[in-house]
Amino acid sequence: MGKAPPNWVFHFLRITCSARHLDELEGDLLEFYERDVASVGHRRAQRKLIWRVLLSPRLYRLPSLPSFGPSLMYRNYFKVAVRSARRYKEASFIQIAGLTLGLAAVLYIALFVKNELAYDAFHAQGDDIYRVLRFDPITGARGHATSSRHGQTLHAEFPFLTVCRLGNDPVKLGEQSTTLVEQFFWTDSTFFDVFTFPVLQGDPSTALTGVNRLVITRSLSEQLFGTVQSVGKSLPVKVYDADREFHMEVSAVVEDPPRHSHIQFRALGSMGNAEMMYEQLVSSWGFSWLRTYVYAPNQSIQQVEAGIPQLITKYLGDQPPDNFGIAFQPLHEVYLQSNDIPKNTFAGSLRNLYIFGSIGLAILLLSILNYVNLSSARTSTRVTEVGIRRVLGSRKKHIVSQFLLESVFFSVLSGVLASLIVILGYRGLNGLFDLQLSLGVVTPRDWGLVFLCFVGIGILAGLLPSLLTAKLPSLHSDHAALHFRVHNWTLSRKLFIGLQYTVTLILLVSTGIIYQQYQFLRNFDLGFDAEQLIHVPIEDRQLQARLGKLKNEIKALPSVISVTATGEDLPSRLQNTWDLSWSGINPAEPRGIDVVGVDRDYFGVVGVDFVQGQNFQYDFDIDSAHSVVLNEQAAALIGTDDLIGKRIQIGQRDRTVVGIVQDHHNLTLHSKLVPIAYFVFPTGFRVSPDNLLIKAAPSQIPILIGQMQKTWEQFSPDPFTYNFVDDAFAAAYQNEQRFSHLIGSFSFIAIVISVIGLFGLILFTIQYKLKEISLRRVFGASQMEVIQLLSKEFVRVFALAILLAVPVALYFMNLWLTDYTYRIRLSGVSPAIAILLCALISGFVIYALVQRTSRVNPSEILSE
Amino acid sequence: MKGTHLGEFEELVLLAVGVLNGAGYGVRIYDEIREQTGRTCSISTIHSTLNRLEEKGFISSHRGGATDKRGGRSKRIYTINGAGEKALAKVREQREKLWQLMPKHTLGYG
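Protein chains in written order, with the numbering used here: chain A, 1 to 864; chain B, 865 to 974.
A couple of the hints might just be wrong.
Quick list of the computed label-pair ranges, beta carbon to beta carbon [unchecked claim]: (1) B/D895 to A/R14: 47 to 57 Å; (2) A/E333 to B/D895: 41 to 51 Å; (3) B/N945 to A/I50: 33 to 43 Å; (4) A/Y354 to B/T909: 46 to 56 Å; (5) B/H926 to A/M73: 48 to 58 Å.
Going by beta-carbon spacing under 10 Å, a handful of chain A positions derived as facing chain B [unchecked claim]: (6) A4; (7) P5; (8) P6; (9) F10; (10) L22; (11) L25; (12) E26; (13) R52; (14) V53; (15) E90; (16) D127; (17) E182.
In silico lysine-lysine, DSS-like type, Cα no more than 30 Å apart, as pairs [to be verified]: (18) A/K792 to A/K769; (19) A/K48 to B/K961; (20) A/K549 to A/K695; (21) B/K920 to A/K79; (22) A/K494 to A/K769; (23) A/K710 to A/K555.
Hints are computed from structural coordinates only; laboratory data are not their basis.
Here a beta-carbon is modelled for each residue, glycine too, at the ideal position from N, C-alpha and C.
Chain A extracted, bound-state conformation (with noise of 0.2 Å):
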């Protein structure tokens, strides 16, 4: 009968059904849904019973079996409940909005939470995964980039140690029409031993030993052969960046990996094949190229780390540089802790999930706050019920449980509701926050506690209301509730306004922090002129020969203005680094740099001056063989003052220096500027040119476009790409700019849970006062005098709120701007922003429901 319907809906109907019908009641709906299954199919069928059962009252107003118990008196509670709301239907309508809009908020801040807390768990073997790190003991700095040593040493030394090393490399796959694949790693055959990702076909122990055996995923499996057994099958491996080419032989299919995986991968090579072709990588503990993971069971890892001290003596000698050591990183941490690893682009930020959870909590909080707020507030209307229950023989702890269960009932409600917004809601969501939450994370039990907590929050408001009603006497309930009213109004109101404020406050002060600090991002000056700069890149290693013509045939176009050939993009990666040594230097401290390969038009593409000295004289010639333009930052780093002329050597050769150029951030702001040596270089090498930059001028760019594709299709058979350089830069801060849009977004959540509050308690303020409103109304008091008295009550509670809101607001985002290099100064901007927006926000409610009120004649409501 094909796969079961889901049992909740069952479960569903058996708790609101009579068991009378019960049985045939299910029968009819399978045999409906067997019916359905047959037509639509599975999955429909299934959405079809779900409807069928949920939207059809009627089924559950079938006659339940005859009740027993003290059903009759809770049955009055309930019945009194929604007399009162209906009573008050405003009030209780903004109660149990304000609850389901704070809830729905918080549980789509959950989901996030969730998702993001989600990655690498599914792992089998996950608690016992390492990320082996470089680590440098004197700075403290960590990178994930390894050598082949550190993986093939902690082996040898440790043969309990289960070790996988990844080496990402893009390689083209097929024939005549070849696919990039860019998510490929070489990697070794302990693959399947270390991480779980399910095989489709093929067997895993062997599925990457020796040499020319492929792993491919079902997506690209698909793709290429267009079916998932694909096994046996042989396919041409063009690599990249070695310039070889394999036939490589289909040894397994794994399903694609889940989402939260921070390994994602389309295809996996054989490690055997990385050796073949890069010699240093059996050798050189230089050559960091991959990523190592160590499985390492029964919590043998403290073991490895007491260790590695001695395994650095060992194998560099009795002097090691100092900046050398080892580190291993728990798999459940590589994904939200990995936000100081330099190009570690797979990452969240365990910062802003603190940050976005603690979002939620005071959203929470302010639905709580609310809801008590407005439920202890709507009590006291009804004092007169409670003191007529009280002389019908009803005990306090009758009534403490007869607010307690109203409380309860509405906080459920409401909490349904929200969740339904979030369930049918969270694409949408996703949509407008540029997220990719699921709900597949959420188990059964998750769903359990969330429950809890609504009946949680519904004791918790309801339990200051009840125990204040129950301690009313029995009798004289009118001048009860009069003690009841001006009581009430005492500290624990005012505590809540005022936690209230703070809360909105901080709100505010962060989220404008936040704005301001992408806003600067964005605006900040690059050094560099970055508009109407386009981007190529070349990725076929026998155009990159014939650059140079290709250069000047895009030159020749009408609408450029210049042209050149770099060996970096724009941001760029900066993935080369080599030695730099000069007379004078402290032998023990060797120096990195930065190299660039570059034509002699680079500096005025992109708009860079010249500090010092002057361009390349030409471009390929034995002249740029031995001549290195540095940046101010290079020259900072090696410190003579009159460097032009001097000689310096990098990567083992020496050049003469021959120009200083301006810092420019080539980088995103995420990094610092770094010591840069720019060269012109020949084809051939890592570092030769393979992009070229195009300075194109304004209002011409489509046909632009058009006319270099042109071009293009005479160079090379691959695709015309392109991309804009400012672009790219914004694009570098797409995460600043979805966080903020994020945090904005619920901010306002929070404020409108905030002023739907305020709403609410200065409408109960207005009618316990109508009285008195009113006769100050007759003896002639104006309506700014009203909204005077009115909003006395609020003013001192809104000046502590700020005294309180505003040093934790700037402490907490100080601690967050500390994340970047480049950071706004904190100033009195946002707070003065916050507490306006606040004020205006408060005056204007307490205006409008004044406005409300002075509509009715007051003589009608002392008449009354």
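Following the hints, position chain B against chain A.
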């Protein structure tokens, strides 16, 4: 005891129960109504109507045996009883009477 008035949809369901002659249960009745009249409704409507009819005393029901279809759940078989037949007859009689009284040209085919 609720009133013995027969609503429009109740009448349809009651007729279907009668037509099915001891073979009618929820889904079967739903199908019959759909096939014969082209009307679709939700299964819960059928159930609540059957329930009401039973309360009014027009139909009686008993549990049918469970089969391995329907996830092992039993059926509740509905049969029309004397009161139901009478009620149907009464409705029909009322209608007939009114039809008889209808002037022919009103319907446009006189």
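Against chain B, is A/E26 within 10 Å by beta-carbon distance?
holds, 5 Å
Would the stated hint for A/P5 survive a check requiring a Cβ distance to chain B of less than 10 Å?
Holds - the Cβ of A/P5 comes within 10 Å of chain B, reaching about 8 Å at its closest.
If you draw a straight line from the CA of A/K549 to the CA of A/K695, is it 30 Å or shorter?
Status holds; Cα separation ~17 Å.
Return the status of the interface hint for A/V53: holds when the least beta-carbon distance to chain B is below 10 Å, violated otherwise.
holds, 9 Å
Would the hint on A/F10 stand, with a C-beta cut-off of 10 Å toward chain B?
holds, 9 Å
Would the hint on A/D127 stand, with a C-beta cut-off of 10 Å toward chain B?
violated, 41 Å
Evaluation of the interface hint that places A/L22 against chain B, nearest CB under 10 Å
holds, 9 Å
Agreement of hint A/P6 with chain B interface, Cβ distance less than 10 Å
Constraint on A/P6 not satisfied, violated at 13 Å.
B/T909 and A/Y354 - C-beta distance against the hinted 46 to 56 Å
The hint (46 to 56 Å, Cβ to Cβ) holds, given that A/Y354 and B/T909 are roughly 52 Å apart.
Does A/L25 meet its interface restraint, that is, does its C-beta lie within less than 10 Å of any C-beta in chain B?
holds, 6 Å
With a cut-off of 10 Å on the beta carbons, see whether A/R52 makes it to chain B.
holds, 6 Å
Is 48 to 58 Å a correct range for the gap between the Cβ atoms of B/H926 and A/M73?
Since B/H926 and A/M73 have Cβ atoms about 37 Å apart, the given range 48 to 58 Å is violated.
When each numbered hint is compared with the structure, violations occur for hints 1, 2, 5, 8, 15, 16, 17, 19.
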